[in-house]
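*Asks:* If you read the sequences in order, they're chains A and B. Take the first sequence: its position 70, counted from the start at 1, is 74 in our numbering, and no numbers get skipped. Take the second sequence: its position 82, counted from the start at 1, is 97 in our numbering, and no numbers get skipped.
No lab work stands behind these hints, which were simulated from the structure alone. In this text, all values refer to a predicted model and were calculated from it rather than measured experimentally. It is possible that part of the hints are untrue.
[Said to hold, decoys possible] Residues from chain A shown here face chain B by an in silico Cβ test under 10 Å; the list is partial:
| hint | residue |
| --- | --- |
| 1 | A33 |
| 2 | A37 |
| 3 | V90 |
Note that beta-carbon positions come from the ideal geometry of N, C-alpha and C, so glycine has one too.
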Amino acid sequence: MTDQPEIVRSLMSVWTASPLLSVALTLGAFIVAQWLFVRFRRPLWMPPVMIAALLLATVVALTGLGFERYEQGARWLTVLLGPATVALGVPLYQQMHHIRALWRPILVTLPLAATLAAAYALGIAWLMGATPEVLASLAPKSVTAPIAMGITEELGGSVSLTLGGLLITGVLASLFVDWCTRWLKITDDRIVGFALGLNGHAIGTARAFEISHTAGAFASLGMGLTGVFTALFLPLAFLLF
Amino acid sequence: MVMLRGFLVLVVFFLLGEAVRVFAGLPVSGGVLGMVMATVTLMVRGRVSTELATASQGLISILVLLITPGVVGVFFIADQFYGHWATVLVALVIGTLLSVFTTLLLMKKVAALGKEGGSHDRSA
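Using the sequences and the hints given, assemble the complete structure.
*Replies:* Next up, the structure:
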């Protein structure tokens, strides 16, 4: 990559002077990934974000653009995560009738289940001798990405490691909910959906919408409430330790 | 225009969230605080405007696009976390299995309790 001709190098420096090259690459990868995902019949283990990231990582590495320069340009997109997090409040409000109807079971299960979703993984990682940075990155593993990224930044973890953990968690949660509901003989779509959203954030919610609309609505609810609960309590809990 | 008005509302709530974070010294991200304030505002008002609904739907539909640059980073931090990958994977696999199982068991028990509690008005 060092023996590029002069003209290519000057073109690269012109292109990377503005963030638009990163924006174009990200948009392109996003669109190609959506298309590939549908072509491969929506595989549970390979969500579109994984396909897009693989494509981008290949391009960024092979062209010699480098991750740092790419990421700097892509900030023009990632800055929108702030308002996008606020936007999650709208569907949460629209689910409010479910919360009102079922506030008692939600109040009993959510705080405990959302705490355990973080605590099990943190406990195991801590026992295996993980560094504080790794622990901080894994803590929001069941929280939807925009909220999780905020939590990780507050705790001083690595956002990229968090996002990797989120992907793995989302895919695993979809598979495990499938096994466990069969084993525990649970047929209530509201419970299945809530568990998918609570443990598997957006990836679990997407899976729940494939089961039924009720499961999907409860998954959105579980995802939203887990996100808010974890974002409010996890940083405070971390301060105590 | 409709989309832009809704977008402005979202950005203003985000900025308000950041303001609360700084003034109250909370270790919670401005986006989450903005989301909580937006939800509470909607509950008080009792309805969502078309502008806000359109703008939030638009942003939520491109969430995957917005997190992709961060996910790309996963492939470039392999060296930084060399020696931690086994820990990360074991923690995620076992942790997620345990938490999925506990959630389902807990909800099954609570749902059963709810029925014994005598709510005859709800059949499902």
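*Asks:* A37/A was flagged as interface toward chain B. Is the shortest Cβ-Cβ separation under 10 Å?
*Replies:* 8 Å, holds
*Asks:* Under 10 Å is the threshold here; is the Cβ of V90/A close enough to any Cβ of chain B for the hint to stand?
*Replies:* 4 Å, holds
*Asks:* Quick one, is the A33/A hint okay against chain B at 10 Å, beta carbons?
*Replies:* This hint holds: A33/A lies near chain B, its Cβ roughly 7 Å from the closest one there, short of 10 Å.
The structure is consistent with each of the numbered hints, conforming to all of them.
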